[in-house]
Every structure is written in C-alpha cells, then in structure tokens.
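Read top to bottom, the protein sequences are chains X and U. Under the numbering used here, the first residue of the first sequence is numbered 753, with each subsequent residue one higher. Under the numbering used here, the first residue of the second sequence is numbered 11, with each subsequent residue one higher.
Possibly wrong hints are sitting among the right ones.
As the list claims (entries may be wrong) - Cβ-Cβ distance ranges computed for the label pairs, FRET-style:
no.	chain 1	residue 1	chain 2	residue 2	range
1	X	1786	U	70	31 to 41 Å
2	X	1786	U	135	48 to 58 Å
3	X	1879	U	70	17 to 27 Å
4	U	247	X	1883	46 to 56 Å
5	X	1343	U	135	55 to 65 Å
6	X	1922	U	291	35 to 45 Å
7	X	1709	U	223	52 to 62 Å
As the list claims (entries may be wrong) - Once the Cα atoms are required to be at most 30 Å apart in a straight line, the calculated DSBU-like pairs of lysine-lysine come out as:
no.	chain 1	residue 1	chain 2	residue 2
8	X	1781	X	1916
9	X	1782	X	1762
10	X	1351	U	171
11	X	1191	X	1299
12	U	171	X	1352
13	X	1781	X	1882
Said to hold, decoys possible - Derived, one-sided and incomplete: chain U residues facing chain X with beta-carbon distance under 8 Å:
no.	residue
14	72
15	83
16	86
17	122
18	159
No lab work stands behind these hints, which were simulated from the structure alone. Where is the CB? At the ideal position from N, CA and C, for every residue including glycine.
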Amino acid sequence: MHPTTETTLEGNEAVADVAYRINEVCAIYPITPSSTMAELADQWAAEGRPNIWGNVPLVMEMQSEGGAAGAVHGALQTGALTTTFTAAQGLLLMIPNMYKIAGELTPAVFHVAARSLAAQGLSIFGDHSDVAAVRPTGFAQIASASVQEAHDMALLAQAASLESRIPFVHFFDGFRTSHEVNKLKLIADEDIRAMIDPARVREHRARALNPDHPFIRGTAQNPDVYFQGRETVNPFYARLPEIVQTQFDKFAALTGRQYRLFDYFGDPQAERVAVILGSGALTLRETVAFLGRQGEKVGVVQVRLALPFSVPDFVAALPASVRAVAVLDRLKLPGATGEPLYTDVVNALAEHGSAPRVIGGRYGLSSKEFTPAMAKAVLDELGKPQPKNHFTIGIRDDVSHTSLDYDERFEIEPDDVVRALFFGLGADGTVGANKNSIKIIGESTPLHAQGYFVYDSKKSGSRTVSHVRFGPRPIESPYLIRSAGFIGCHQFNFVEKIDVLEHARRGAVFLLNSPYGPDEVWDRLPRPVQERIIEQNIAFYVIDASKVAAESGMGGRTNTVMQTCFFAISGVLPREEAIERIKDSIRKSYGKKGEDVVKKNFAAVDHTLAHLYRVEVPARSSSRLEMPPAVPPEAPDFVQRVTAVMMAGAGDALPVSALPVDGTYPSGTTRWEKRNISDTVPAWEPDLCIQCGNCGFVCPHSVIRSKFYPDSRLADAPAGFKSAPINARGFPETRYTLQIYVEDCTGCGLCVEVCPARSPREAGLKAINMRSKAPLLEQERASIRFFEQLPVNDRSRVDFSSVRGAQFLEPLFEFSGACAGCGETPYVRLLSQLFGDRLLIANATGCSSIYGGNLPTTPWTTNSEGRGPAWSNSLFEDNAEFGLGFRLSADKHLALARQRLEELRPRLPAGLVDEILNAPQLTESEIRRQRQRVAALKSALQGIDGEAARDLLSVADQLVRRSIWLVGGDGWAYDIGSAGLDHVLASGRDVNVLVLDTEVYSNTGGQMSKSTPLGAVAKFAAAGKPVAKKDVALQAIAYGNVYVARIAMGANPQQALLALREAEAYPGPSLVLAYSHCIAHGIDMRQGLKQQDLATASGHWPLLRYNPALRQADRNPFVLDSPRPRIKLKDYAMNELRYQMLARAHPAQSEHLMALAQQVVDQKWETYEEMASRSGAHFHPDAGLKTQ
Amino acid sequence: MDLSTNYMGLPLKHPVVASASPLSESLHGIRRLEDGGVAAIVLFSLFEEQIRHENEAFSHLMASGSESFAEALSYFPAAADYRAGPESYLDLIRRAVEAVDIPVIASLNCVSDEGWIDYARQIEQAGAHGLELNIYGIETDPAISGGEIEQHYVDILTTVKSTVRIPVALKLSPFFSAMGHMARRLEQAGADALVLFNRFYQPDVDIERLEVLPSLELSSPGEIRLPLLWIALLHGKIAPSLGATTGVAGAGEVIKYLLAGADAVMTTSALLRHGPSYAAVLVKGIEHWMDAHGFASLALLKGGMSHGRIANASAYERANYIKVLEAFQVPPV
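Whenever a hint applies, use it, and build me the whole structure from the sequences.
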C-alpha cells in the first residue's frame, strides 16, 4: 500500500484530479455544477501538470456539449484516452454520440455531476434525472455517494472501462457531492498506475483508426444485419459486473478501501431494507446504524454499479431475512410504472423468484434535502401492514397524496461533531473564510472536516449560508445542519430579516457581527431573536468586525476577524492552538504579497481577541422589534401564499397544491420583495437636474423613474416629495419628478457616474449623488407611495426617439437580481420600455434567464392595463429557434385572424375590418389606435354567435403588431446557439435578436466564448485568447436582408436607442449586439459605462448600423456611428483584469497579443470605413421583406 | 574636447542624463534615449505604494463576485504565478542593462522600511548601476516637525546604504530649512549623490467644474533658479556628486548648472518636448559654448561659478535678494 496524502477537496476536484491524471484528451463545455472539473483540468494543463503517462493532457473547450461529445468520440476513435465532464442538458446533448461510443465498444468515462433536467422549470441542482435519461445509450453507470467515493470511483470506472471496453458514466450528486468540501485520502500515482493496465491502453490505441492498417467503422447497416449487430455486445455486458468487482477488490488491496457492486450496511438479520444510490445512501447508512443501535432490524443496500444491474449480486447483497424493501430514486419518470432503480429491483427480485414486498419512492429532486428523519420515515413505512408504494419523501403532496410523513425533530448527529452555521454575504468573504478554516483543521489536525455552502438565487447582495462540521471520524452526513452548536451571523441586518437562530441547539454559541457593543446590542435585537437566545440558553458574543478590520488596516474585509472569533469561541480546537494555526495559514496565504499584508492580518487576529465580548443575556426579552412580513399585505394572493414563503426561505414547506401545475408563474413579483441590499442610494437634487434622463436610462435595476404631471397634483404630495418644473417647452404648469426606489437599489452608482449636471457652488455635487440610505428611507417610502399614484405618462405624448423622452416610458422589467451595476439589464429594461406591452421574449439560458426568471421573484412585469412582456426560456442552445417559433405562431394566427375578419366582414361594423386590416402600426399612436379598433372588434364579436367569431376572438389580439425578441448572451449567440441563430437570421422572418455581449460566459463563471477578445484572459484561455473575436455583425450583414447594429449604451445612448427602435421597426430579421460590461471583466462596476465608452473610443467596439431598408432605397445601408479610434486599445483594455492578468502572469505574451489585437482593431476599422463609404449598390440586394 | 564627468561614482562621457520619466518605461524608450545621446538614464520611478495599491485592486477584483452565486463561484482562471511585486520593473532593469552601454540608474519610492530594503536589494540584484531614492511626498500632518522629516530622510538613506553596494543618490525636496546642513547629514549617512530638486505635483483648480486638477506641467527655464542656487552653494563643500534637475530647455541651462557645480544635469522636459535626440543637441550646445569660451574640458568649467569660487559670493546670499528687489522697477500701468 502506498503512503496516502490526506487533504480537503470539493467533490469536483476530487474527481477531476483522477480523471486528469489518467486521460490524454479532455473535451468539454461548461455547465453547472460540473464546470469546475473542466476548469481545474484546464488550469492544471496550463500549469504543465503531467498525467501518469508523463505528458500534459489536452483540454479543449467546445461550442456545446454536442460538440464536446463529438470531439470525445473522435479522440477515442483515434486512440486517445479521453474524458469529459458534464451534467443535465449537457449530458442530453451528448446522447447521440454516447450511443455511438458504446456501440463501438469504446472505453471512456464521462464524469457527471448529476443534475435536474429543465422540465416545468430549470434547476441547476442535483438529482438523477440526467443520468437516467442516458440509461439506454449502452454506457454503464457507476454512482458515488461522497467526495472520497467520487475520487475512488473516478479511477475504478476508468479501470473497469478499459478492462471491459464498455464506456461508463460515473456520477455523483450535483452540488451535494460536487460542491461539498470534505477530507479525503488521495490516491497515489502509483496506485493509479497499478489500476490502469498499460496493455489495455495499448489495445485501445490498436483499435484506433489508422491509415497504416485501415478499416471502416461507422457503416450504415440494413435490416439484414443491424439487429444481430446489436446483440454482438451481450457478452461484454455480461462480463461487466465481475470485471467491476475485480477492480474493486484490486483497489481495496492497494488502498484499503473496499467497495462492492451492492454494499450492504445494517443488521445482518434485517427485515426492512432500503435500496439507494448517490449521496442519500450515506444518510441511510447513518440512520440505519442509529436505528440498529436501538434494536431495529433495518439495513440499506448502496448501489454502486447501477447499470448493468447485476441480479445475482443484488440478491446476494440482500439479507435473507428481508421482508420488505423500499427503493429510493432521485428523479421522476411521469407515467412510468416506477423510477429506474425501483423497476430494476422489482425485475431482479421477480426474475430471481424472491418475494419480499417492494415499494418505490422519490426523494431529493433538485437537491431537496434528504435527512435522517426522512430516511427513518421510509424505513418505518416498510414496517406498516400496507406500506405506500410510489411514495414521495421530503415534500408534502396534498394533491396525489404520495408523500410520507416524517418527524422533523428526529436527530441522530453525535455530540462530538462540531456543527457550525455561518450567515454571510457573498461579498464579505464568509464562504472563503470557512473554506480556509476547513483546510486549516482538515489538513493540519487529525480532525475531519466537511463544508457545504448554500447560495442565494440573486446575483447582487446575495446571502450565503455555510454548513460546516468538524469531528473525530470521517463526516458522512450529506445534509444541511439542523442543530448547530455554533451560529455566526456576519451581517447585523440579517437578524432583522431571517431567523438565523432557527437551527441553534440548546446551549449553542451565537456570534454576531454588530456595530453595537455588548451593552447596547441586546436592545437592538428583534423580540423573536431575544426569546430564542433565552429559551435555548445561547451564549451570545458580539464583535464589531468592521471596526476591528478597519483599525487593523484591513479596510472593509471582515473575514479574518470573523474567522478568528469562530476559532476563539467555538471550541473546535484549543484557543491558543487555533490562533497559531490561523496565523500559520495567514502566512501561507499572504506571504507572497508581502510582510505588511501578513502583519495587518496578524494585527486583525490580535485585535479581534481584544474586541470580542460576551453579552450578558437578561432573563426576559424586552424588544418591541418584530420580524417584518416578507411581503406587504397588499401583495396578491399567490404572492402571499407562495412567493412570500419562498422569499422567507420556507419554500420547502410549500405543499404540492400550492404550486402551478405547468410552471406558469405570475409576472412582476420582484416589486414585492424590498431587498434593501445597499446602505447607500442615489438622492436627487431637483434644482441641479437638467432632466436629461441619463440616470434612469442606465440604471440596471430600474430604480430611477421619471414622471411629469400637472403641478396641481402636488397638493396631495407628502412633505419632502421632490419635484421641479419640467424644463421642456409646451408643458405649462407641469412638474417633473425623478423618484428613486431606494429599497430596490443595489448602490451601483452608475447613475451618479453618468450624470452630467454639476453644482456650480458645491464641489463634487451632481444632480444625483450617493447618500446613506437610513436617514432617507421613511421619507422615500412615502414619496414612492405618492409617486406611484401619479399617472404613468401617456406613451403617445412621449418622444421615443430621445433618451430624454424615453425616461417617461414605464419599465416593465424591474428590480432584477442581476449583479449590482450589471451591463446587460439596462438594454433589457429599455426593450421593456419601448415595446413592453406587445413584447414576446425568448430568452436563452444564461445570466439573463437567471435574473429574468429565477424564483422566487421575477422582474418582468405588467403595466396598469395588465399588459407586459411575455417571457419564456426554453434552453441554452435552441433560443433562436424557440423565438422563431413565436414568430411562426404569431404569423399563423395573424393570418388566421385576418382570414376570419374577412369571413365575418358582413357581420362587423362597417369600415372596422378594413381599418384593422390596413392599419399602419409603426408609431405608438398608430398602435394605440389599432388597440382601440381591436377592442371594438372584440366587443362586436361578443354579440356574434358562431365558431368563426369565437375563433377570431381567440386570436384577435394578434392584430396588434407583436414585437418578438430573442435575447441571450454571447455564449448562446456565438457558440452553442450559433447555428440556430444563423438559420433564423437567414429565414427572413421578422424577429429581433438582442445579444447581450459580455464577451465571456458570465453566468457559469467566466469561460471563454468565441466573443472573447484577442488577448483577454478567461477560463480555458488562461494564457490569453489567441484568436480575435468573431465578427457576428459582418456575418449577418453578409446576408443582405438582416438589420444589424452594434451598440454600447455607455458610448452613445442615443445610438443604442435608435438602433433598438430601427431593429424593431424593420420587418425582417434584426440583430443587435450590445456591449455589456460585466463583473467577469474584472472592473470596478461603477466604471462600467466609462469602459463601454473606451471600448468604442479604442475601436474595439465600433458602433454601427446596417439597415437593409436603406439599401432598398439605393442608399448605403452601412453607417458607422462612432468616430475613428482616438485611443489605443491598451488604454481601454488594461483597465480590466481580464487583460491585466496576462500582463502580470506572462508580460511578453501579453505584449505580443496586445500588439496583434491593435492590428486587428486597425484593420477592422479600415474595413468598416471602406464599407461606410461605399455606395448602396455595392451591398447585396435582397428579395425584399415579403416573407410573411 | 573632454566632456567626461563622474556622477555618483559612475563615469559618464558627458553630463547630460535622462531623468525619471515615461520615456524610460519601455526597453524601446530606453534604447531611444541612448540613441538620442544621453550619458546615463534614470529609470522611471518604482512606487511601492502604487504596487501595493495595484495589488490590492487586483486581489479585490479577482475576488469580486466570487463565492456568491452557485453557478459562478469565481470569474477568472485560478491565480497561478501572477506578478504581485516589482517584477516587471526588475525585468526592465535587466533588459536595459543588457541592451544599452550607458549606466542605468533605478529610481525608487517606498513607504515602508521593508519596501526600501526589499526593493533596493532586488534592484541591485537586477543589475542597476545606481539607485536614486525618490523620497517623494508632502508632509501634511501638522504634528510632524521638520526635524522628524530630516531624520526620516537620513534613516531611509542609512537603511538603503546598509542594504546595497551600488551607489545611491537622493533626490531632495527643496523645502529643508537648512539645506546645507541637511546635505551634510546626508553626506554623513553615505549619499553618493544629491539630486536637486524634486518637483512636486502642485494641483490646479478647475473653476467651472469645481474640481481639483492633479496636473503637472513640464518644467520651464525659470525654474532652474532654486536648484542652481543650491548647487552653487553646495559645490565643493560636500563629497557627494551633485545632480541638477528641473528647467533645462536648452544648452544654456545645462551650462549654468555646470558652472554652478553640477556633476550631471538631468532633463525630462526637453526630451519630451523635442524627442530623445535632443540630448545630442544639448551636448553639442555645451561643446559650442566651451569652444567659444576656451574650455578644453568639463572639469575646468565645472563649479566655475559656484559659491566658493566666485569673488562676489554674496550674490548667492540674502543680499542678492535685497539687491534684486531694490533694482526692481514697477512697470508703468
């Protein structure tokens, strides 16, 4: 046995570590929760880390998982040891190649962080829906339950695959295992070599395509032989279980860790046995052991080789004493006789002739918790005379009554395991500090450590909850902490919003980061918190971490302070030892950054101990503060019953009946969620304001609204309501108000940056300035209430063509959870303002689908007439086609409506039909008139009986022109959806495409796309992207009949507005590429608009419009809207981390790439200039726009 | 004609030196300076504080948005071996020393003792021929006395001198109340040269936008008076070389400085205005003047007009000020 290293890793790294060391080629595509595996492989390759064969694997990011699977297939067919990492829809895109790879008996392992599939809604979280969907492909399936197992099975699957020639899916639970940090024993290189037989590798190579001894593989077969050909593989599958067990045994001899195809845990005489695979098996193992100690005859079979399912091995694993078996599946097959593991077990027992009662049930979909209490309920069910079959556990199903009841109070966790919960903000470093603590304890003490981190559904102001365990034995508890001995609350305002002590056990330690000292803090706590502290006899500590950090020279970084507090009072290590270890860790982490950084951190540690106070807890609560309701009482019924429960973090308690049956949710729910995530908000100076509308135009969160109204309305205004005379001509006695929705503001400051109006008297004062929110809050609440009573300005009186005018258009996209200062959402909001009441949006998966559609609250909303954007997300790859479907449907139903109108002409008011059929619908007033006609039509139809009238009524709304937009990021438009987008643009249909171009995969964390610029660093381009970004604009222009624009709000908001309106008005396909600054650029987001301006000024992002309508008028359709580059590319680029990183890591490479990038900019500009100076005749003509 | 001089122990073929400026920020610029004819190059300054600030910004941006959202726990490839210190500066020194035949003098500004020691050592190891300490800053704290500031200069110099063996120059602020005494103290602390004087950014105010404008304009010939005065006063009285900087527009200013006693005359403004090749014009100008005035070597002219060498030494003293004032005629309105 080789010496092993113990370390702490998250599941993804544990798997990637093995896969990387074995394979030669890795072709991937990022998808949550698997992306980290590929990113690590790429990082290691970039660092030159060799595999066990002594070379550095090739890691290739592809344009989609379909592409990745193709590349994997090709590499395998030509003899390379090849792997991939994926999940969910990604795995589904690989299915066609998986059939081929298996059909050709090709050894390979696909590592899958198993995840839910998008059905009634997308979910990034873990279950086995994806792996179940690939069961028919011919891949074997092996399941891991823990970080250690995932590490081990990654090797065992590979070894068995090479031995058997059967490809494997190795899967483990997305997030629960892929993202759990745990202590594990690393497999030594020698042990990997001992498991991977080089002879088998050479056989794999020998089977490869090779022109030196050619053959043909991949034939087309006919009815005469295809069937028999399918049956040829049977012996390979028949041998597989034995091969896998042999590998397990060999591995056990090397490492001491013994696995079996079906591992049985529990009483050898068990009567009730559960069967399960994945992380839930650990919960059952723990529960069975606990119940066994209480004399219950229970057991669990943990399935490792899930496919092929070896009947004899399964039957052999079951104790003969078994009377009832419960099979648990982590997925749902609607309409099936049962889920896959259940049907396998039923079949196995039936084929074997065994007769225990078998029930099956579902648990844990989309990372739903599976706790010992639930495990116990399943085992208890087996003891009933008529146990429920096809049950569910972990939810309350009050519709089909499938669910089992369970006792939430059932706890089995031993006292010698330290269980700690930490509540923090994403931005405050809580998770990072906890990961560091786990490393400190897991790697430098004999203790075991586990960490699991729960994140928010919002990208700005997001909360994190860290679940951390330390104990003397390996920690195999894959569920959240329900009974914590330590609670750390790193943000004081959380205690006013969420029940941070819900899971505090009796006698727990509660650490609160508080600006109020030990004498004052008690009176600042809400009553329920005080009561919980008293009832649970909680030891209550406070520290003013911000103050300590500031005094130690750490600025606002409180993580070291809070971490020190945890070590000082949690008792996980003796205090002195703990402090010493923190300091060791600081030295390791910051040593390279200089002695002064180390010193500051040391000072923070020492200051912390001097400023950590225990609070004297009174015997009685005295507070009058109550936890506020999640939503105000005026919120609609659904929001009260469902949305508010989710917002309060209690969505697990919602019964099945509370939820929509088909994934349909009401629009506009963000307005009920006042998140109050920023302490500073803009404040308006009416006297300075020039009413230009710039601030509202760029506001990513739609918190700046403008209205004008008769000054008589001010009679009812609350004191302090701000207004100014409108400064436009033709509006006598009219006031103007710019209202800030302070509770929804993220504090990004873009509005202040863009404000052109400065005080001539007070230095630095603009017409809008960031101010502390607390003193403004009550006033602004009253002002907002009044502002909302003011009528929304009549759209037909608003000048759509100017930024100044557009501010009066009501946003129908508001308060999204996008990052503070997001560069995408201002465009999205503008769409909603311009076309919102007739807007249909097909949204590709990505940032915009997450901030646009992630529950609990969503930002797309309605106007006072109840109209607003109709929004949907299909997938990542198909958005262009999905949106085209909207168009086809609209065209079809418009044609139907027109046909029915003609048919019903004799029965309808004279003139109405012709007016409707011939109505122009370009301007807002024309659209309004058409709406009035359609309303008259509907009214008339009410009085007409007959199928044609009812038919027309059902489609009459289509007579008002619909605005169909296909929205997505560059990952969609340049990569995975590129072919579809190309096809849709070539269709000639009237669809509008808005590409929110961040030049990188933003939502999945910064992977390179084909939009990533030359010289920029991204994941999978750590050495800087060597190829220039694809010029999608020129590609689309080449069709001749596509309206194309490139816009950047920060460079020219007026041009952005113009382009969106032209695109919408153009009755053919339109493509608008919108520069979107992004957190993934590594910038101070407050400077986002400035960077947009520099991007244009440098020629990196020239503004342009190509309008085929001009070509039809024999004019040059290509217009360059930005002047010649006036700065060098580097003067824009080097303000961004994505470029700076390369300059710091590889200065020569950076210099080289930047020089090339400058050349590209120069040449591109020449091309554009030449195009802009052609006559119209030099552009492709097209056949016109009569495609409908 | 012998224009050679010795500055801080470094033999120079003539006294015209490029002072710290953007011209020396790249190897290409350094080569241009040499080709332009300067006798030595003081590299642009390495600012410890700036490096720290950039590192902090870098770390902040690297971490920004991380560990906040389940799908994107980071936004950049893991930091491998990123340059967190003065590596690129040191790299430039190494490449410059290899690329040019004239002395390369590094320039350093630090805010901590560790910084002075650490960076000075690394600069020496990178091969710089000399080091100029650019102790740059305006003490705004009313609690700090002049004596403390003087001691601070001496301490820094002592620290650096105990760290490196290459010659060390000190670029001085003009705001010492007893410049001569200060020069003496720096001499005792081991200074190999004193550079007179540092110019400080003196901000302007935009009266329309009500903003402070942190601008620095190129120096003008009128600014040579103060350094000229002190070079003349110090020449021959202290051992360290004297470097003159500020206000060189043409050969005239260079000659004035040399006459006052400068061992080397530095310029940035003239080279920025006219390009690096202007150095050769300056040298040519010195030669013409020396030729016209019968000086065969620089040694003969250097310090010829210094305080110790001229008959009417009071011209450099307070009496000079009174005389000037007396002679000043209010122009007619």
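Quiz item: Against chain X, with CB atoms and a cut of 8 Å, does the hint on residue 83 (chain U) hold up?
Solution: holds (6 Å)
Self-check item: Restraint check for residue 1191 (chain X) with residue 1299 (chain X), where alpha carbons must lie at most 30 Å apart
Solution: Measuring from Cα to Cα gives roughly 27 Å; hence the hint holds.
Quiz prompt | Restraint status (C-alpha distance of residue 1781 (chain X) to residue 1916 (chain X) at most 30 Å) | solution = Given that 30 Å is the threshold and the Cα spacing comes to 11 Å, the pair holds.
Exercise. Evaluate the given range 35 to 45 Å for the C-beta pair formed by residue 1922 (chain X) and residue 291 (chain U).
Key: holds (43 Å)
Self-check item: Hint check: 8 Å Cβ-Cβ cutoff, residue 159 (chain U) to chain X
Solution: This hint is violated: residue 159 (chain U) lies away from chain X, its Cβ roughly 22 Å from the closest one there, beyond 8 Å.
Self-check item: Agreement of hint residue 72 (chain U) with chain X interface, Cβ distance less than 8 Å
Solution: Hint on residue 72 (chain U): holds, closest Cβ of chain X at ~7 Å, below 8 Å.
Quiz prompt | residue 122 (chain U) as chain X interface residue, shortest Cβ-Cβ below 8 Å | solution = holds (6 Å)
Quiz item: Does the Cβ distance between residue 247 (chain U) and residue 1883 (chain X) fall inside 46 to 56 Å?
Solution: holds (48 Å)
Quiz item: Do the Cβ positions of residue 1786 (chain X) and residue 135 (chain U) conform to the proposed distance bound of 48 to 58 Å?
Solution: Since residue 1786 (chain X) and residue 135 (chain U) have Cβ atoms about 51 Å apart, the given range 48 to 58 Å holds.
Self-check item: Range agreement (Cβ of residue 70 (chain U) with Cβ of residue 1786 (chain X), hint 31 to 41 Å)
Solution: Given about 37 Å between the Cβ atoms, the range holds.
Exercise. Can you let me know if the beta-carbon spacing of residue 1879 (chain X) and residue 70 (chain U) is within 17 to 27 Å?
Key: Given about 25 Å between the Cβ atoms, the range holds.
Quiz item: Going by Cβ atoms only, is residue 86 (chain U) closer than 8 Å to chain X?
Solution: With a minimum Cβ separation of about 6 Å from chain X (threshold 8 Å), the hint on residue 86 (chain U) holds.
Hint compliance for this structure: hints 5, 18 are not met, and every other hint is.
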